[in-house]
Every structure is written in C-alpha cells, then in structure tokens.
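> Just so you know, the protein sequences line up as chains A, B and C, in that order.
Just so you know, this note's numbering puts 115 at position 115 of the first sequence, and the rest follows in order with no gaps.
Here this note's numbering runs 1000 ahead of the position in the second sequence, where the first position is 1.
Here this note's numbering runs 2000 ahead of the position in the third sequence, where the first position is 1.
Hint data in this document are derived by calculation from the structure and do not stem from the laboratory.
Where a beta carbon is used, it is the ideal one built from N, C-alpha and C, also for glycine.
Check the hints yourself; a few may be wrong.
To be verified - With the Cβ distance kept under 10 Å, some of the chain B side facing chain C (calculated, not the full set):
| no. | residue |
| --- | --- |
| 1 | F1059 |
| 2 | P1166 |
| 3 | N1169 |
| 4 | V1227 |
| 5 | F1229 |
| 6 | P1230 |
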Amino acid sequence: MTTTNIAPVAPTKPWAPTPAEVLPSILLLIGAAVATYVIVAITPMKGKLAYAFLFFVLGTAFIAGRNGLLRGRSALVDSLASSIAFTGAALVFLPVVSILWTTVSNGVKGLHWTLFTETMFTASFSDPISKGGLLHALVGTLYLIFISMVISVPMGVLTALYLTEIKGPGSGFIQFVVQAMSGVPSVVAGLFIFASLIIATPIKASAIAGAFALSILMIPTVTRTSQEVLLLVPNDLREAGQALGATQWKTVATIVVPAARNGLLTAVILGVARIAGETAPLLFTIGGSDNLNWNPFKNYQGALPVYVWKGLLLGTPESIQRAWTGILVLLVLVLVLFVLARVFGGRRIKTK
Amino acid sequence: MIEKPSAPAPREITTKPRLSDRIFRGTVTGFGMLSLVILTLIGLFLALRGFQTFRHEGFHFLTGVKWESVTSESGVITNNFGVGAMLIGTVLIATVALVVGVPLSVLCALYLTFYAPERIKKIMVSVVDLMAAFPSILYGLWGFFVLMPMVQYWAGLLFKYLRWIPVFNAPQPFFERSPFVAGMVLAIMIIPIVTSVSREIFAQTPLDRIQAAYALGATRWGMIKTVVFPFGSSGVVGGAMLGLGRAFGETVAVFTVLNIVFKVNLHILYGSGGNVASMIILKWGEAVGDETKALLAAGFILFVLTLLVNMAANTIVKRTMKSGK
Amino acid sequence: MSPVEDMNNETPGEYMSIDSKVSSSALADVANARSAAREPGRAPMGSGLEARGIHAWFGKHHALENVSLDFASGTVTALIGPSGCGKSTFIRTLNRMHEFIPSAAMAGEVLLDGKDIYAKGTDVTKIRLQIGMVFQKPNPFPSMTIGENVLSGLKLAQLKVDNKEDLMQECLERAGLWNEVKDRLGAHAGGLSGGQQQRLCIARSLAVKPKVLLMDEPCSALDPGSTLRIEDTIGQLAQSMTIIIVTHNMQQAARVSDYTAFFLSDGGPGSMIEVGPTNEIFSRPRDQRTENYVSGRFG
C-alpha cells in the first residue's frame, strides 16, 4: 500500500465531557443549593454547618441519583464515591485557607516599622502593639537557625552518606534509628537538653542550648532528605570515579556530592523550616528573654515562637495582637523557606 | 566419560584501603552511629533524672491520677505524682484525632491519586506539604480562636442529639477546651503525614492490576475497591500509626485548647482532660526539685510511648512498600 | 499428521524460537493446514467489530495513522509487526483503554454491531464488558481466590447470575484450566504458575460473556508448553466470539489466526500496511515490506 495524501486529521478526546454533558450536573448542584436554602428556612436547622451539610448531602444525592438512573447501580456507587472523595479533599483544603487568611488578616493589623527595630525590653506585652517590637525574637530565631544548621547539617549529611555510600553492616539499624529519631516529640527534645546539658554542664539556658534541642529534631529531617537525594545520583557516576582509580572519599567528595548539590541544599532548607517554628523545645532551653542578647552562649535568648507563646498566654487583647503579628512574621519566614526548597529541590522532596 | 571437574572454591577478595579512605569511612561511620548514641542518651538521661520519681512512686506513676506536691506545716513534703489521667487523655485525644483525621486523609489521598485533574493535583499536593510546614503554635493560635468556637457548637449539637451514646455524654454542658476540640486540632495536624504516606502507597498500586480491573468493565470506584484497598490497606494503617505518634507528642497546639484537669475524663465533649505533653508544659514553669524530676519522668514515659508507636508504624509502612503484595 | 498436530507433539525444548528465521513458505504451510483443519460449514457467532480511520496520539506525538480494519464475527485476527509500530496502541483503542493515558487523543470510529463505541453518551464500562482484554503479563487479583477471580468481572459490574458455580466451571473449562484447579478453587491465585495465571485471566474475561476478546501478546511471558495450550484455547474460543491477538511471534500468528494484519512504522506514526487471510499474507503478500517482515529480513 503506497502512502496516499490523507487530509490531516485533528486529535480529539471523545471521552472528555463536553459542556453539554457537564450542564446537567451544574443544574443539579444549583438545585441542591436552592433546596438547601429552602430546607434551612423551614426547619430549625441553622448555621454554616447546616448549610454545608445539607448542600453536601443533597448535591451528592442528586448527582449520584441521576447517574444511577441513567446507568445503573454501579454508576450510582461510583458517583457517590467521587463526590465523597472530592469532599474529603475539599475539607482538607479549607483549614489551610482559613489558617492563612486568619493569620494575615489578624497579623497585618499589628505591623509597623518599629516592630523590627525594637525589643520588648522596655515594653510590656499588654502595651499597645505600636510599643516595642520583636527584634530580639528575630535575632534569637536567626541565631538558633544558624547554630542548629552548624550542628545538624554535617551530622545529617554524613549520616546520609553512611547510609548510601558506605552501607556498612549497621545500616539497616541506623536507618531504623534515624526514623525513630524523627518521631521524637519536641517536648522530649527540650527536656533531654535540660536534663543533660543544662543540669550537668556549664551550658545553661541560652541560644546554644536551644540549638542543641532543635538539632535533635533537625538532624533526622536533613538525613532523610539527603538520603533520598543521594540515592537519586546514578550509580554510573560512582562507578566512573572508581574506574578512574579514585578513592571512595574522592569519588564522594568530588563527584557524588556536587551532583546532589541542589538536593542537599533542599534538605538543609527543609530542616530549617522544620525547626524555625518549634516552640516546645525552646521553653525548656532558652529562657525566653525580652531583651536583645548578642551572645549565643550565655544568658537567656528570645525567639519568635516564644514571643508568640508569651503573647498568647498573657491573654490581653494587646498581647494577643502581638501573638498574631509575631506568627505572621514566622509564617512569612516559613513560607519563604518552603518556596526556596521547592525552587531548589523540585516537587519530589517532602517536607517531613 | 569425562568427569566434570569440581568448581574451585571462590577466592577471597581483599583490598587495603588507602589512609584517606580509612579516615573517611571512619568519620562517616562515626557520625552515622552518633544518631544511635543520641537516641540512647535521650532515653538514658530522662530515665536517670526521673529515676527518683519512679522509685518513689513505682507503678503508681503510670496509674495514679493525682498530681500534687503537698508541703505540710512542718516542711515535710509529700509527693503524689501520677500521669494516669494524662495518659488516658493522651490516648483519648489521639483517638479522636485518628477517627476524624485518617478518613479525611485517605479520601484526600484517593482523590489526589485517582480523581484529580493534573493542575488541581499539583496545587493540592503543595497545600498538603505546606500544612506539614506550619508551626504547631500556629495551629494552636488558630485552633483556639477560629476552630474552637465552631467545634464547641458542633459539640453542643452532638450533646443534644447523641447524648445517649456514652462517649458523647457529659456531666455538665461545658464544652470549652475539651478533648474533642483538642482532637479536632490534632486531626488537622496529622492530615499532612497520613495523606503523604497514603498517597505514596496508592501511587504504587501495580498498574497491571488496575488495567485488569478496568478491562473487566469496572468503574473507578470498583477498581479502587478491588485493587487499591487490598494492596494499600496495611500501608495506610502504617501511615495512620505515624499520625498517631505525632498526635501523642504534640504539645503547644493542644495546650491552648485543652483544659488540663487531673481527673480521668472519658467524655470527650466535656471540657476536662489533658495529655502528657501539655501537662509537662503546664507544670514546668513553677516546678521545683521533686516536681521537676517527676516531669522528667513523665517525659521519659512520653519518649518511650512515641518511640514504640513510631517503630511499629515504620515497620508496617516499609513492609507494604517492599512487598508490593 | 498435519503440521499443526505435529507441532503439538513436539517437546518444549525442540520448539521453534521466535528468532528462528523460518521461511515464509513454511509459515504459509502452517496457515493453510489450519484453515483446512477447521470444520467446514461452521457458522461464525459473536459480533462484528469494525475500526474506521483510527488515529492515535500521545500528546503531540502521532503514534498511529489511519488504521481501518474489519473483524468479522467468529474469526481470529492476528496483528503482527515489529516493536513500537502501534499494535498495542491500536488494540487499546478498541476497548477504550487508550484514554486512560492522560495525554491520549484519537480520531476515527470503532463500531461494535454497527454502533460507534466512542459516541457521546455511551457507557464505557458496558463497552468493556463486551470487548474484553487479556494482557501480556498475567494479572489475576492476588487478594482473591481462584474462584473469586473468575467471578470478579461479575462482581465489578454488579451482574446477577443464577448459578455462579456453573458459570465458574464453564469459564475455567473453556480456558483449559478446570482440571488443574477444580479441587482448589478456594486457593489464592498467586500460587499458580505463569501459564495457569494467564488461563485464569482468560477465564475471568470470559465470565462476563464478551463478544470480542482482545489479546495483547498473551503468551510472550509464558513458557512454550503454556503457549501451546493457550493457542488451543484460542482456537476453541473463536467459535463463539471474535478474537484479535497482537503477537510478535509469526509462527503463532500462522497457527492461530484466520486473518493477519501487518503494522509498520517508518519512524513516523505506525500504520497498517496490509491485511488478508493468514495463508496469503505468509505465502504471497502484496506489499514488499510485508514480504520482508514475514521472510525474516528484519524485525
């Protein structure tokens, strides 16, 4: 058969729902909304819950019922399942929107320039928000992040290297241990540092004590993400290095780690995001100062989460406003880290 | 007839690693072992510091309900520390969190894996990951100011209509800061991890089985029921247990929405309860001497509890991923 | 003894391999013997399937171009051709499995009993009940027993049957598996051998009484003994339905099919070069490319 000139044919998707096919479902949903209003008006049910619940039940029933009438029982069940799955996802989505919205709308009210230039040394938490600021908390958090990084990143990356490159006889067990460590509650991390360092060593409540506590939480995250990333480096690269006669150390240092550079950076960022907002460990280890403290090794230190905590606990409207504004700053920090991690690492890396 | 010569014994392959490699391997191995050391130290120190309390209270520490330190007029201190009520509270709140959070997570994971169009999926996956990054104190603030009033209203409804079910009953209609509220906040906090694990498992469902179901004329739900659930059920259980571990250890988020009372309370709608983690925070500020040691002992209990749950969970999840049933 | 029966007596070790360059005349002999061995005057049953102007795309990639084929009821048609020329894509357009790939698009019509299965308002799950499929890798449901596997199609479609055990036995007998599993219907499907699992999958597809059975290289993952048994099954099944089988194995095509269609891609979209009665395709193909392929000059 010789090739003849065939008029170009356009690709189509006959299975994709056309507007005409989607229309009945939309009409049914509108009908369900109307019915919801009517029912709420005539029965004693009221409140957002009533609306939401009724709309869900009626909308699902209408659409599933129509599918069932058209195509039989299995189509009805399938339609029900679709609706319920969608609703589940929507219910997961809503709290996040609510959290973001509440934080921004409440926190914005307290934003002012001096927030970032003053501390709470001269102001009390009950003073109006325009007095005092969170500079001390910001500095404290930055100290904590930096010191935790210094402790956790080498520790985490080297552990990941042990698990992926050396694969010694204890690997399976160490893997298990790292996973167990990632489950340690933040309270326990704080208590441990208190029980060990603060009680028994010259290190008292200070930024470095807090950083040690945070490191316990950060190391497993860095390790796990680094491990994922190192495993993605194709083995061919390692074999090429070995074939060239390089020692394992040279291969890892000059070939493997640079190849995984972006991913390792992501691992660090995710680790930082994990601990930036942690409160509980700090309550036992840094003392929650209201004053700027440039010395990370001695004396109480402030931190953003503790600032928020104090504001919340005091309970006056002004202090609560401080808490919201503080958490807004913290949230912005976390979001920036989150976006950075995505940029460097792509979608494959999880945050926890 | 030629006899086949027997195969020679395999040679032992050895190599003498260079010094730089020996240092490298030694360093890396050392650091690798450090995690084990840290974990052991945590358990050790907490147990040590709390040892006095354990010795004094004995098993009563776990079962006792009261937490008090009474100093008589002559200066004699009698301590009576028991985390029993808090342990029950921990389990109760975690149960509420699981009952609400796991079904939502599984539904969300199903939706994302099998129903969602590509763009919605990308957005939702980012949203779920973002949820995991939120600081717990944010959940605490939001939980207290936004979620609690709503949940109190729901609790009122549950009380009004479903009071005949014992767990929904309450001595008084006092719904503020109840285990129910705390459980709801925790439910939202465990959704990211349970959803992530479930999604990973569902995504690994063998494609050939999925195709077999569809080729037999199955609807999407029919396929999910026949292929996905048998394959992924144990993995989802593992994910739920990871969520449980998180729920056990969560502190600041539930502290604000929980009214900590040292009395056993099984009525989840009633505003009285507590969990071990929040109790530690509550009492820490004013604790001295013996009470501090008792709190450290409580920390040890919490450590062991979460360790066990997490170990079990990880084993289950790993086994499902490996076996591919 | 005809060459066909001759082959059935060969031990697996002496079986002809896929790579052996058998002359096309030998294949033609086999095909001729087959059509001679069929009972005369057999009235074909089942349903006619017709593909008209089928194109398939994956995103922008045009994978299949203008394939038109007629599958008469009660016949077995083999689709042959080198890897990657669109045979599997084509047969997946026949039972609407192609659309599961998110980037998939198509053009053309597929008529079952005169009605386009892609027409608006068609219930695709019902279509798949009438056009069944057996895959290359046997895929029984491991969480179900053997008996449950056979009936799984009924359960999924919520079809009521009066006598489940009779249907189960009938399907397993038609698939050639009954004698081997009749005492262990309650055992898990995972314990069967590859060939047994594939026959179980065939039995499973039969339970919903399809009019057409599509088979995508059903024997390529199996040992020669199982292959021969399944080819026997295909021959018997063809008496009551239409069968379309994709195969890399020309000898298999010669053994089991009435008609053969040759697919080829020259780097662009795959297309169907030639179709005809199997013995003619192998003995006097009209297109030079077909001749080259069946003589083993490439592929």
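> Kindly indicate which numbered hints from before are broken by the structure, ordering the numbers from low to high.
Hint check: 1, 2, 3 fail, others pass.
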